[in-house]
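2 protein chains.
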Amino acid sequence: MEIFISRNIEDGSLLLDEEESRHCIRVLRHRKGDEINVIDGNGCLYRCILTSDNTDGASAEIIGREENWGTHPYRLTMAVCPTKNTDRYEWFAEKACEIGVDTIVPVVGEHSERRIFKPARIEKILVSAAKQSLKGSIPSVEDIVTVKDFIARDADRTKDKDGKVLKLMAYCFEDENHPRTSIKEALKDMSEGCKDITVMIGPEGDFSKEEAALAMENGYIPVHLGPSRLRTETAALAAVNAVYSHFML
Amino acid sequence: MEIFISRNIEDGSLLLDEEESRHCIRVLRHRKGDEINVIDGNGCLYRCILTSDNTDGASAEIIGREENWGTHPYRLTMAVCPTKNTDRYEWFAEKACEIGVDTIVPVVGEHSERRIFKPARIEKILVSAAKQSLKGSIPSVEDIVTVKDFIARDADRTKDKDGKVLKLMAYCFEDENHPRTSIKEALKDMSEGCKDITVMIGPEGDFSKEEAALAMENGYIPVHLGPSRLRTETAALAAVNAVYSHFML
Chain C
1 MEIFISRNIE
11 DGSLLLDEEE
21 SRHCIRVLRH
31 RKGDEINVID
41 GNGCLYRCIL
51 TSDNTDGASA
61 EIIGREENWG
71 THPYRLTMAV
81 CPTKNTDRYE
91 WFAEKACEIG
101 VDTIVPVVGE
111 HSERRIFKPA
121 RIEKILVSAA
131 KQSLKGSIPS
141 VEDIVTVKDF
151 IARDADRTKD
161 KDGKVLKLMA
171 YCFEDENHPR
181 TSIKEALKDM
191 SEGCKDITVM
201 IGPEGDFSKE
211 EAALAMENGY
221 IPVHLGPSRL
231 RTETAALAAV
241 NAVYSHFML
Chain X
1001 MEIFISRNIE
1011 DGSLLLDEEE
1021 SRHCIRVLRH
1031 RKGDEINVID
1041 GNGCLYRCIL
1051 TSDNTDGASA
1061 EIIGREENWG
1071 THPYRLTMAV
1081 CPTKNTDRYE
1091 WFAEKACEIG
1101 VDTIVPVVGE
1111 HSERRIFKPA
1121 RIEKILVSAA
1131 KQSLKGSIPS
1141 VEDIVTVKDF
1151 IARDADRTKD
1161 KDGKVLKLMA
1171 YCFEDENHPR
1181 TSIKEALKDM
1191 SEGCKDITVM
1201 IGPEGDFSKE
1211 EAALAMENGY
1221 IPVHLGPSRL
1231 RTETAALAAV
1241 NAVYSHFML
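Taken in order, these protein sequences are the chains called C and X. Take the first sequence: its position 210, counted from the start at 1, is 210 in this note's numbering, and no numbers get skipped. Position in the second sequence (first residue = 1) + 1000 = this note's numbering.
No lab work stands behind these hints: they were computed from the structure. Each hint should be verified, as a subset may be incorrect.
What the hints assert, rightly or not - Here are a few chain C residues that face chain X, going by a calculated C-beta distance under 8 Å: (1) 44; (2) 47; (3) 86; (4) 90; (5) 134; (6) 226; (7) 227; (8) 229; (9) 230; (10) 234; (11) 244; (12) 245; (13) 249.
Stated by the list, open to error - With a cut-off of at most 30 Å between alpha-carbon atoms, the simulated DSSO-like pairs for lysine-lysine come out as follows: (14) C:188 with X:1188; (15) C:131 with X:1209; (16) X:1084 with C:84; (17) C:84 with C:124; (18) C:32 with C:118; (19) C:195 with C:159; (20) X:1124 with C:84; (21) C:84 with X:1118; (22) X:1164 with C:188; (23) C:131 with C:118; (24) C:164 with C:209; (25) X:1209 with C:195; (26) X:1084 with C:131.
Computed from a prediction, not measured in an experiment: that's the story for all the values here. In this text, a Cβ means the ideal position worked out from N, Cα and C, and glycines have one as well.
Kindly generate the complete structure, drawing on both the sequences and the hints.
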């Protein structure tokens, strides 16, 4: 099933941008009158009939729509420190999208070696991963932020949601004041009806004690991801899998 | 923690091959008398003292050993059809090793596009993944085999182990005769004390009905990996994560 994306949808009809039009018309040789499937990137799938096969900007008439197409039964924010090697982060983003994630936030920790992050490539990767795995919604990628600023910002976002948000921080060091539970247990223990989950994954050098302490003050639960020693991107995907698996029937 | 590997271990001492010796002596500048950590690839870690810093073949005296170093509490065989793009299979192998897998078997299905498999690169990747994730054991990679031959061979391996092996086949199509359960449920339902698990992951084109039927006849349980539509390598890693997470305390 081929999926196109349009950011230009007005009631009843939509326009494909140049890249999508070229792919649809030149590569896949669709012509006026053909039926195509288009997502808006916000969760909706449109069944359409091409009304123009212009390779610079094809247009289509919407004949059907499906909300929450290929969605998942939770809302997951992954705050993950950039990896030294960008490919590894891009790989994580692609796989997380296939499995089910809503927001990816590159966070820079005090022990992070890599402090820059270029979202452009990741956004392209997420669009094709969403199309490929038949999802109407494309995960959003936020601007890079420090771990401490993210914790503060997230505290605002989640306050007054008493118990309806689960915030987890995965770190490696043992902290006698804050014994870690496994992510599996933390998910089991989360309050009834909670579907909004945030997981923070630290850099190779782990979170700093200060970052961990600040997170705990702001309602984060310290978790481990089991006995294996995982690279940042593997740990991040293991967390996405743990959430996906928790909600699996 | 730097880890070296040696396949040449005799009681009391061991030899590093040329590549490992060069890395140890030339790159990391270790000298006679230094303490190094060496795995045998079969689960054992040796603490050693370098007795020669020859860059062609360094030798060391064993002063301590730890069995089952960095092991996991299950035995997992992943029989996964080769992906069109080799990188994706290599990526799966690396991540599966980090999380915990014992054997990887490339299997060719009737709907497989790719029917060849070069193990050499994967074996190198597994060695560095095992070192990097502090595991004494390196997953073995078997020769490529057809799905049907694998099922027959695996039936021999697992017969008479009544209930002590869980065999799962993940496919996408609905089969009224064999309704699928989720891999999570299948793991929950497995018999007490079972730790030996085999999971088969099909090609992009899925398993054929005949392959699925043969698997069922041979004790495989048909499973799905949840609602998301996953690429072969993502499905394979999701299965490894599901097993890892099942045994997580």
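Here's how the hints hold up against the structure:
{"no.": "1", "hint": "44", "result": "violated, 17 Å"}
{"no.": "2", "hint": "47", "result": "violated, 18 Å"}
{"no.": "3", "hint": "86", "result": "violated, 15 Å"}
{"no.": "4", "hint": "90", "result": "violated, 11 Å"}
{"no.": "5", "hint": "134", "result": "holds, 5 Å"}
{"no.": "6", "hint": "226", "result": "holds, 5 Å"}
{"no.": "7", "hint": "227", "result": "holds, 7 Å"}
{"no.": "8", "hint": "229", "result": "holds, 5 Å"}
{"no.": "9", "hint": "230", "result": "holds, 5 Å"}
{"no.": "10", "hint": "234", "result": "holds, 5 Å"}
{"no.": "11", "hint": "244", "result": "holds, 6 Å"}
{"no.": "12", "hint": "245", "result": "holds, 6 Å"}
{"no.": "13", "hint": "249", "result": "holds, 6 Å"}
{"no.": "14", "hint": "C:188 with X:1188", "result": "holds, 15 Å"}
{"no.": "15", "hint": "C:131 with X:1209", "result": "holds, 27 Å"}
{"no.": "16", "hint": "X:1084 with C:84", "result": "holds, 28 Å"}
{"no.": "17", "hint": "C:84 with C:124", "result": "holds, 20 Å"}
{"no.": "18", "hint": "C:32 with C:118", "result": "violated, 38 Å"}
{"no.": "19", "hint": "C:195 with C:159", "result": "holds, 15 Å"}
{"no.": "20", "hint": "X:1124 with C:84", "result": "holds, 21 Å"}
{"no.": "21", "hint": "C:84 with X:1118", "result": "holds, 28 Å"}
{"no.": "22", "hint": "X:1164 with C:188", "result": "holds, 27 Å"}
{"no.": "23", "hint": "C:131 with C:118", "result": "holds, 22 Å"}
{"no.": "24", "hint": "C:164 with C:209", "result": "holds, 27 Å"}
{"no.": "25", "hint": "X:1209 with C:195", "result": "violated, 37 Å"}
{"no.": "26", "hint": "X:1084 with C:131", "result": "holds, 18 Å"}
Comparing the model with each numbered hint stated earlier shows that hints 1, 2, 3, 4, 18, 25 do not hold.
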